[in-house]
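J.: Each chain, written out:
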Amino acid sequence: MKNKLFLLANLLLVLCLSSCEIESSECESEYTTTGKEMFLHTEAHVVSWVGRFDDALKLDTYMNTPDSLKETIRQLYFTSFGIGHSKPNSWSVLLNADTICTVVTDSKSIHTVGAIWSFKMGNANEFSTISCIAPNKWQIKVVEVSSYHWLDNADFEVVCTDVAAPPAFSDSHFEISGQGNMTTGSSYGQRVNIKYKTTDNLVHDPSTFMFSSGGFEIEAFDLDKDKKELATGEYLKAMGDDRWVQITSRGRTQIYSDLYYYQYY
Amino acid sequence: MKKIIVLFVISSFALSSVAQHWILPFKHRYVPEHDFRIGFGIKPFETDEVIESLSNWNDIDDIYDNEIIDFDARDYYRGARYTTNSVFLDYIYQTNKWFGIGATVNYVAYFNRYYDNQTRSSVGMNLIQHVSIYPTVRFTWVNTPGFRMYSSLGLGHRLVYERDRTPSGFSTSWHNGIAGQMTLLGLTVGRKVYVFTDLCTVGSQGLLNVGIGYRMRSHRK
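If you read the sequences in order, they're chains Y and H.
With the working numbering as the guide, the letters of the first sequence map in order to residues 1 to 265.
With the working numbering as the guide, the letters of the second sequence map in order to residues 1 to 221.
Everything labelled a hint here was simulated from the structure, so no lab data went into it.
Don't take each hint at face value.
Distance windows between CB atoms, simulated [said to hold, decoys possible]:
(1) H:S173 x Y:A97: 52 to 58 Å
(2) Y:Y261 x H:M182: 25 to 31 Å
(3) H:I178 x Y:S29: 36 to 42 Å
(4) H:D72 x Y:N96: 39 to 45 Å
(5) H:D72 x Y:T112: 49 to 55 Å
(6) Y:S90 x H:D72: 45 to 51 Å
(7) Y:D242 x H:S173: 44 to 50 Å
(8) H:Y82 x Y:K197: 47 to 53 Å
We treat Cβ as the ideally placed atom computed from N, Cα and C, and that holds for glycine.
Turn these sequences into a full structure, and let the hints guide you.
T.: What follows is the structure, given as structure tokens:
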């Protein structure tokens with residue numbers, strides 16, 4: 001009997017020593033995930049249109065450079081791209097044989113007040129416009145432009161806060177305000193509409209990739225499930241490619257420092 | 001270590017003794033026994049989940065789902081998942097020296113809490129309880145008065161009850177599954193009251209089972 005109890009005690013000890021935990025904790029750290037996703041898509045939308053504005057500034061610099069220096073400017077601003085100029089006033093940014101962006105000018109420099117340039121992404125259905133509405137002040141207007149899976153609308157005012165005319169977006173100081181919205185088509189999988197407007201001007205300085213301050217107010221709609229979310233995103237600071245963003249959604253606020261950029265185009 | 005050596009020597013003797021029993025004609029008729037057991041097992045095999053994961057191969061396509069915004073993003077997370085391990089009751093009618101047939105009832109529960117992503121406070125709980133019942137056959141290949149070695153096999157039904165309480169709601173559900181246990185090597189030590197362990201075993205009861213049993217001689221001969 002003693003032997004039996006000894007054996008049982010040992011086996012029970014083995015059982016007790018074995019942990020009852022069979023799966024460790026998920027330990028999520030994000031509590032504003034929906035707001036973060038809304039912010040990243042909004043930011044990507046703005047960045048993509050600002051990118052076209054940047055193309056316009058660089059093309060203007062390229063056009064107004066003497067022929068002997070054009071290649072230097074191309075290598076500086078369009079390192080991996082080629083520049084096409086097949087028709088008068090029509091310029092293209094090329095990647096191998098693909099047209100990334102087509103720009104049609106009105107023969108005026110983009111820095112001339114009253115100039116209106118039209119531009120179109122490679123597979124977009126419509127042209128959008130960049131107008132110079134005052135010295136160092138432009139308006140970007142995007143109306144029902146369908147590109148890839150998105151249908152886009154945007155209306156931005158871009159102000160260069162430097163005295164000199166900016167040769168490119170990355171080299172100068174800017175402030176951007178405005179609004180936009182984007183909708184995915186049914187071919188994409190999830191039909192979503194995102195509307196946003198800037199609450200504070202988005203501030204760009206040459207030391208950062210994009211914005212170091214400013215913010216958005218964002219609404220997102222799931223068009224299939226009839227759901228709606230609200231969020232705000234605010235740039236706290238930025239350094240190079242890194243930025244610190246404060247996201248608020250569903251009544252909670254979280255600061256992110258490790259966000260990557262979404263890229264549409 | 002001494003105990004293990006003693007156990008080994010005993011089992012060797014038992015084997016030789018049984019061999020003699022098989023060779024020599026039986027002097028006495030075997031009296032059938034009612035054999036009752038209660039035991040505990042660790043690491044029960046989650047049959048349902050394995051079958052489910054095998055049948056959901058195509059779920060890998062979900063990775064490529066084009067979700068732009070997760071409108072259903074949870075602001076809570078699942079905490080560590082625990083199990084009670086299994087508790088089982090076993091009844092075997094030992095019809096002769098080597099064969100017995102009976103049934104097993106097994107209970108095992110899994111549970112975890114949910115915690116708020118921001119505050120880390122508990123905001124809900126998930127509890128899954130499995131109750132299984134299955135017929136079991138046992139083949140005793142060493143049967144001496146104080147020591148037995150056996151193999152057994154059982155296969156049957158499992159009823160699963162799940163309660164899930166999260167900040168977004170409360171739900172309960174029932175579903176059925178299969179259950180069973182296969183033991184290649186089991187040992188008992190003792191005569192009427194005995195201890196047992198299933199060492200080489202797998203199934204709903206676990207990968208290592210221990211417990212205590214009671215044998216009662218049947219009056220029927």
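J.: Take the C-beta atom of Y:S90 and the C-beta atom of H:D72, compute their distance, and say whether it sits inside 45 to 51 Å.
T.: holds (47 Å)
J.: Could you tell me whether the CB distance from H:S173 to Y:A97 stays inside 52 to 58 Å?
T.: holds (57 Å)
J.: For the hint 39 to 45 Å, verify it against the beta carbon of H:D72 and that of Y:N96.
T.: holds (41 Å)
J.: Looking only at beta-carbon atoms, does the pair H:I178, Y:S29 fall within the given range of 36 to 42 Å?
T.: holds (39 Å)
J.: Lying within 47 to 53 Å: is that true of the beta-carbon distance H:Y82 to Y:K197?
T.: holds (48 Å)
J.: State, for the Cβ atoms of Y:D242 and H:S173, whether the hinted interval 44 to 50 Å holds or is violated.
T.: holds (46 Å)
J.: Could you see if the CB distance from Y:Y261 to H:M182 stays within 25 to 31 Å?
T.: Distance hint for Y:Y261, H:M182 is violated at roughly 54 Å.
J.: Confirm or reject the claim that H:D72 and Y:T112 have a C-beta distance inside 49 to 55 Å.
T.: Distance hint for H:D72, Y:T112 holds at roughly 51 Å.
The structure does not agree with numbered hint 2 stated previously, though it agrees with all others.
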